[in-house]
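In case you want the letters, here they are:
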Amino acid sequence: MKAVCWMGKENMQVHNVPDPTILNPRDAIIRITSTCICGSDLHLYNGFVPTMEQGDIMGHEFMGEVVEVGPGVSRDKLKVGDRVVVPFTIACGNCTSCQDKLWSSCDNSNPNAWIAEKLMGYSPSGLFGYTHMLGGYAGGQAQYARVPFADIGPLKIPDGISDEKAVFLSDIFPTGYMGAENCNIRPGDTIAVWGCGPVGQFAIRSCFMLGADRVIAIDRVPERLEMAREAGAETLNFEEVDILEALREMTGNQGPDACMDVVGMEASGHGLVFAMDKAKQFLHTQMDRPIVLRQAILACKKGGTVSVPGVYASFIDKVPMGAYVNKGLTMKTGQTHMMRYMQPLLERIQKGDIDPSFVISHVVPIDQAPAAYRTFRDKQDDCTKVVLKPWETAAAA
Amino acid sequence: MNSRNSSQASSERGLNDFLSSNSLLIGAAALMAFGITRRSKTSLALATAGGLLAANASRSRRQSNASHTRATFLVNSSPEKAYQLWRDFSNLARFMRHVKSVQVLDETNSEWVVLGPMEREIRWYAEIIDDVKNERISWRSQPDSLVQTSGSVEFQPHRAGRGTFVTATVRYTPGGALSKAIATMLGKHPQFMIREDLRRFKALLEAGETPTTLGQPHGPRGVHGSVEQVLFRETTNLAAPQAAHAYSKTA
Ligand SMILES: NC(=O)c1ccc[n+]([C@@H]2O[C@H](COP(=O)([O-])OP(=O)(O)OC[C@H]3O[C@@H](n4cnc5c(N)ncnc54)[C@H](O)[C@@H]3O)[C@@H](O)[C@H]2O)c1
Ligand SMILES: [Zn+2]
Ligand SMILES: [Zn+2]
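Read top to bottom, the protein sequences are chains W and C. Using the working numbering, you'd call the opening residue of the first sequence number 1 and step up by one each time. Using the working numbering, you'd call the opening residue of the second sequence number 1 and step up by one each time.
Extracted from the complex, chain W is given alone in its bound form (with noise of 0.2 Å):
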């Protein structure tokens, strides 16, 4: 089969490798008719977070046809022909952590584990086609994908809902909605968004369905801005505005109630600050720039919350630690429990509350994938969402 694989640091191939396998009594083998690239992926393109290895398969946000299903896997459950959104955590469904919803805390889908205790204390559950670290696991951009505790995971979508509608069940939707929920919104709140990627417009949106009246979403990509816009946010482009100030002054010297990191680890900016991190990350005395998470505690209201659904691999310097502290805020992060939100938002794509495609600017085939990540990562032609469509040929596009 077709697999975009990790070759290096911004070296993405598309390889023939072998078709994938049952490994394991509860896997199945999905036949993928779609699947993205995310900001995520852009994180080991960049080369930031350690553990990739040459050769390895990416993606993590895929959705297809079941073929093949392990005799672990109960037919009511599962079964061959189903149609599926596939959650790009991978989790037992029998563990502590899944018993309390936490999927993505799984003690027993990272078959390394013990590299992520090293780094982290204990390790999170496995995740699609993202480090040996976490798993290990080959991901989703190729045309079929093994998919661990199948009879957990995977969503069934009825046939009149379109894949581009669908496939963003796989992370970027739940991974929005959950960011806002994190929010702790009430009525009447303010939320400030940073970040206008595909993560940070279905949080921007979210935040409205959860009852916010007003978010506004910072980011400097002129269309992300307006896409923004379109849902209702005020905006603010951090290279023309002192982020700070205008906070304040849209907020009467309050603060927003929540500030939500949307951006992550590779966060621009500019200033004095802003050149250490970048120089830190360079000599990788610091792997991760913590731009935003530093404005978002200095700009949260007293007593408000942190929302963190960006990316951190490691360690960062200077974090805001006095005023955290002093104003009481409450920080929430973690990658997303998917399979909390996958039923429910579908179920609002089904009522027609949200229609998920909207964030899609570019579907190619597999074969393209080395040019699209290079598009999606600079924003040139107005790139805001890939999709990639793994049978499909560039002659036939």
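Hints listed in this document are in silico derivations from the structure and should not be mistaken for laboratory results. Model, not experiment: these values are computed from the prediction. Misleading hints may appear alongside valid ones.
[Claimed, not checked] Residues on chain W that point at chain C, a partial pick, calculated with CB under 7 Å:
hint	residue
1	18
2	23
3	25
4	92
5	94
6	95
7	96
8	100
9	108
10	109
11	391
Think of the CB as a built atom: it goes at the ideal place given N, C-alpha and C, for glycine as much as any other residue.
Following the hints, position chain C with the ligands against chain W.
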């Protein structure tokens, strides 16, 4: 005043233990190996970080002792279910990574086949010497075996009903014809090995299977990729520290 000091001291000791535990050395080896095979700046930093961890870990290793072959996991199960899974010794090979098979001969006797260096088979007979239903099991190799080993496992219910603490201890007594082979097999990190085995026992008990990527497809690995493939256990059924050790020999 006194009690405050002592609790502070003990929490500091806890942190020190964490920072200098044997298992850190394995993480260090992994980070170093990973860092060195990737000739980039990330790697350099990882290799350095690895070196620091290694220095920390080796400092503490001088004080280490036999009790380090013990591990405890809290599993989401009743003591009964946990005991049953372990008591059928033919299950042991499903979660003990270096054990190829255990054949149950009768109520108390079993024949063990273990994979040593170069995946060579090492064989011995063991007997159960203590068996208290739903509480504990102990076993040891027959006195005339080539390998002198013993082990035990205990099942203790969590006081507030949150599952069962499973504590396993394994001992290999040095001496005998195969002691060198066994030592190589266990690597320098028997503590690591028993933790990983117990982790897999938990997965088998809770999820009905142990997570794996062995045999999945991937793109061309290249030189660096191949080295890391060993490190991340994609090509061998030996536990990671052995894989790391094998790597350090080829490097
Ligand atoms: N927690 C989870 O489970 C989860 C899941 C998916 C993605 N994520 C993370 O969410 C983040 C966003 O993902 P995405 O797909 O939208 O990525 P993306 O890279 O497309 O979007 C990031 C956006 O942040 C903007 N940005 C950069 N610096 C900024 C700054 N200083 N202030 C404001 N905006 C700034 C960029 O211009 C870009 O539009 C990533 O870190 C990704 O890893 C987390
Ligand atoms: Zn994603
Ligand atoms: Zn689980």
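Going down the list of hints, with the structure as the test:
1. This hint holds: residue 18(W) has a C-beta 4 Å from the nearest C-beta of chain C, less than the 7 Å allowed.
2. Restraint check, residue 23(W) versus chain C: the minimum CB separation of about 5 Å is within 7 Å; hint holds.
3. Of the supplied interface hints, the one on residue 25(W) holds, with its beta-carbon coming within about 6 Å of a beta-carbon of chain C, less than 7 Å.
4. The restraint placing residue 92(W) at the interface with chain C holds, with a minimum CB-CB distance near 4 Å, inside the 7 Å limit.
5. With its C-beta approaching chain C no nearer than about 4 Å, residue 94(W) sits inside the 7 Å limit, and its interface hint holds.
6. Among the interface hints, the one on residue 95(W) holds; its C-beta lies about 5 Å from the nearest C-beta in chain C, closer than the 7 Å criterion.
7. A cut of 7 Å between beta carbons decides the hint on residue 96(W): the least distance to chain C is about 5 Å, and the hint holds.
8. For residue 100(W), the interface hint is violated, the least distance from its beta-carbon to any beta-carbon of chain C being 10 Å, above 7 Å.
9. At about 4 Å, the closest approach between the beta carbon of residue 108(W) and any beta carbon in chain C falls short of 7 Å, and the interface hint on this residue holds.
10. For the restraint placing residue 109(W) at the interface with chain C, the shortest Cβ-Cβ distance is roughly 5 Å, inside the 7 Å limit, so the hint holds.
11. Taken as an interface hint, residue 391(W) does not check out: its beta carbon lies about 17 Å from the nearest beta carbon of chain C, beyond 7 Å.
Checked against the numbered hints listed earlier, the structure breaks hints 8 and 11; every other hint is satisfied.
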